[in-house]
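Make the full structure from the sequences, and use the hints.
Same order as they appear, the protein sequences are chains R and D. Under the working numbering, think of the first position of the first sequence as 1, with each following residue one higher. Under the working numbering, think of the first position of the second sequence as 1, with each following residue one higher.
Relax, there's no trap hidden among the hints.
Interface residues of chain R toward chain D, partial, derived using beta-carbon atoms under 8 Å:
1) Ala47
2) Cys76
3) Phe77
4) Gly113
5) Ala294
6) Gly297
7) Pro336
8) Val375
9) Ser379
Read the hints as simulated data drawn from the structure, not as lab findings. Think of the CB as a built atom: it goes at the ideal place given N, C-alpha and C, for glycine as much as any other residue.
Protein chains: 2
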Amino acid sequence: MTVTAPAGFEAAGIAAGIKRSGALDLAVIVNRGPSNAAAAVFTSNRAKANPILWSEQAIADGQAAAIVLNSGGANCFTGPEGFQVTHHTAETAGSALGVSSGDVLVCSTGLIGEQLDIEVLEEGVLSAVARLTPQGGEDAARAIMTTDTKPKTVVVEGDGWRVGGIAKGAGMLAPGLATMLVVLTTDGLVPPARLDEALRAATRVTFDRLDSDGCMSTNDQVTLMASGASGVTPDPAAFTDAVTEACRSLALQLQADAEGASHDITIEVRGAVTEDDAVEVGRSVARNNLFKAAIFGNDPNWGRVLAAIGTTQAPFDPYLVDVSMNGVRVCHAGRPDAPREQVDLTPRATHVLIELHAGEASATIWTNDLTHDYVHENSAYAS
Amino acid sequence: MTVTAPAGFEAAGIAAGIKRSGALDLAVIVNRGPSNAAAAVFTSNRAKANPILWSEQAIADGQAAAIVLNSGGANCFTGPEGFQVTHHTAETAGSALGVSSGDVLVCSTGLIGEQLDIEVLEEGVLSAVARLTPQGGEDAARAIMTTDTKPKTVVVEGDGWRVGGIAKGAGMLAPGLATMLVVLTTDGLVPPARLDEALRAATRVTFDRLDSDGCMSTNDQVTLMASGASGVTPDPAAFTDAVTEACRSLALQLQADAEGASHDITIEVRGAVTEDDAVEVGRSVARNNLFKAAIFGNDPNWGRVLAAIGTTQAPFDPYLVDVSMNGVRVCHAGRPDAPREQVDLTPRATHVLIELHAGEASATIWTNDLTHDYVHENSAYAS
Numbered sequence: 001m002t003v004t005a006p007a008g009f010e011a012a013g014i015a016a017g018i019k020r021s022g023a024l025d026l027a028v029i030v031n032r033g034p035s036n037a038a039a040a041v042f043t044s045n046r047a048k049a050n051p052i053l054w055s056e057q058a059i060a061d062g063q064a065a066a067i068v069l070n071s072g073g074a075n076c077f078t079g080p081e082g083f084q085v086t087h088h089t090a091e092t093a094g095s096a097l098g099v100s101s102g103d104v105l106v107c108s109t110g111l112i113g114e115q116l117d118i119e120v121l122e123e124g125v126l127s128a129v130a131r132l133t134p135q136g137g138e139d140a141a142r143a144i145m146t147t148d149t150k151p152k153t154v155v156v157e158g159d160g161w162r163v164g165g166i167a168k169g170a171g172m173l174a175p176g177l178a179t180m181l182v183v184l185t186t187d188g189l190v191p192p193a194r195l196d197e198a199l200r201a202a203t204r205v206t207f208d209r210l211d212s213d214g215c216m217s218t219n220d221q222v223t224l225m226a227s228g229a230s231g232v233t234p235d236p237a238a239f240t241d242a243v244t245e246a247c248r249s250l251a252l253q254l255q256a257d258a259e260g261a262s263h264d265i266t267i268e269v270r271g272a273v274t275e276d277d278a279v280e281v282g283r284s285v286a287r288n289n290l291f292k293a294a295i296f297g298n299d300p301n302w303g304r305v306l307a308a309i310g311t312t313q314a315p316f317d318p319y320l321v322d323v324s325m326n327g328v329r330v331c332h333a334g335r336p337d338a339p340r341e342q343v344d345l346t347p348r349a350t351h352v353l354i355e356l357h358a359g360e361a362s363a364t365i366w367t368n369d370l371t372h373d374y375v376h377e378n379s380a381y382a383s
Numbered sequence: 001m002t003v004t005a006p007a008g009f010e011a012a013g014i015a016a017g018i019k020r021s022g023a024l025d026l027a028v029i030v031n032r033g034p035s036n037a038a039a040a041v042f043t044s045n046r047a048k049a050n051p052i053l054w055s056e057q058a059i060a061d062g063q064a065a066a067i068v069l070n071s072g073g074a075n076c077f078t079g080p081e082g083f084q085v086t087h088h089t090a091e092t093a094g095s096a097l098g099v100s101s102g103d104v105l106v107c108s109t110g111l112i113g114e115q116l117d118i119e120v121l122e123e124g125v126l127s128a129v130a131r132l133t134p135q136g137g138e139d140a141a142r143a144i145m146t147t148d149t150k151p152k153t154v155v156v157e158g159d160g161w162r163v164g165g166i167a168k169g170a171g172m173l174a175p176g177l178a179t180m181l182v183v184l185t186t187d188g189l190v191p192p193a194r195l196d197e198a199l200r201a202a203t204r205v206t207f208d209r210l211d212s213d214g215c216m217s218t219n220d221q222v223t224l225m226a227s228g229a230s231g232v233t234p235d236p237a238a239f240t241d242a243v244t245e246a247c248r249s250l251a252l253q254l255q256a257d258a259e260g261a262s263h264d265i266t267i268e269v270r271g272a273v274t275e276d277d278a279v280e281v282g283r284s285v286a287r288n289n290l291f292k293a294a295i296f297g298n299d300p301n302w303g304r305v306l307a308a309i310g311t312t313q314a315p316f317d318p319y320l321v322d323v324s325m326n327g328v329r330v331c332h333a334g335r336p337d338a339p340r341e342q343v344d345l346t347p348r349a350t351h352v353l354i355e356l357h358a359g360e361a362s363a364t365i366w367t368n369d370l371t372h373d374y375v376h377e378n379s380a381y382a383s
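Following this line, the structure appears as structure tokens:
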């Protein structure tokens, strides 16, 4: 059910012919109302794709009636022609749905620097709009996949309302945002300002803390649309919690399907002075290729953890730090503790606990290991 | 001849038994004077190894009579016992050489978090001191190797004086400094302040611009010792040029021998507002795993260059940027230009030119590609 689990939404996912493989490659999700409230957060990369440039404008009024998403091409660094493709996609969808093109968001994902065929997009949008159904969420989740091996979906139940979501993303997973496309829906009656507030609170502690490979995309977009079709106005705190739960579930699904990864690594930092410090420390480890390669090799090389966190500005004394891996404290006060042979890194789920002993703040960063398959998939991506 | 090419220096490299393989693992380089002027720059990692903590103090007075370097163990995060090993190493060498232990620098490289055997070190230092010769530079260069496949050496001829050098480093190559040990010698008559000035000017544009894998070491040290044995006071500018030339040669030798690399990538950034901006832009590309994996696959994926530089704070318009690879401009003004098929990335030497069109400043960063072998070597390092 995914994005169509909340009342008021219809979706479709089709094979428009953008991907040469013939796989599903175009999704349309429509909000039938009564409300068209929406919010979105975008990549902080200054190199923004054309659909990002469009969607930033379209969402500015807090309203969106539909969103069109395609895989098979990022439509980034494709010049004015590329922007025309995005604009025409929104106009085609708006016209077919009887709404303003300014209420249609667009997302694209795939290779940077290649033009999309405007006619293929137009036919695809018309075909998808003709197949919209209240059961179309699963197809939509499949149509946005690139190197993903499985669709990512979530439904969270509220008190008389629901939050549903789909996500795609397997490479270029990094903060600000993690590189991906996400659509969240709710049938709660929630005004745009509240949607925006809940979405930013949720992404800050979920997608922004997923850092699979340190590479920031040009096409990230997380969109939240509210139909109000339940007639229920959710409690604000409960709504933020539900959106956060949906985002966390999708973020962990992205991590579990990251390109070539063999370990899902949870880096938990405790005892930092501030939460920002904890995030900086965790991220420095998540982005350290030597650490990531060691985990791939099932090697509890805690020296690489300390070498990584020593590059941060966060206030702590490296010679007071404890490091534990999968429950075994291998470093105590900056010195060897339990023998590294006691650590079992064969499970995919890997827990690294870093205790700074500098304060009371904590944060968790999710990342993956650096593997042969990561290198292979990303050296062959364009071919 | 290497570090013993300049007059006044003797060296030895021996197998002390630190490495289980029985390979050379300990080097001593002695400055016989008449001058003992010296300067050094150290890792900016806050997690500093014990030999760094020692050497920072020992060099503070601008004097050093000898330097002891070992491979086979980094002596980092080994607690007070580890510092004792370093201290005893300096005392043993000083006593055998008839100089103060405070004039003996120490460098270590190898795995973090494992103790060195203090008796093995002591015997090794005594044995090496007994074998010092004016021809010992080559052995010293071999004794500091870890995963290096070949020794790195250089000699630069001045006007009546010389600069010689050795270096080791293959992984953890990143700025501030690139991760490595380097010893430079000169027989020029140069006071400590001038040595320091020349060394900092040289490393700023050489080792600091080598960023093989973004990982900063805990043990980096570049040392420059002047014997004055030539009796010649070099022209200051000529001396800085010679030290810079020596550092550049060693930096490029490090790049060429980087762990698992199949491409030596020169990233040239032109048209930046400031040199710092150019460095930031170049470094963002050098640290982007997706770009590095693409180069491994001989894929001129310029979209990943733009996605990387879009994450920087440097002032420029992404939609004015040109990108060329090995002489073919594949991106002009943020749009596709020459077909990517025209780019031949099969040579090991790879040139990426990024023209920002924002100002007049430029900088060059050297890096390597991300390969299966890099992952393999760094996942198996500890075993």
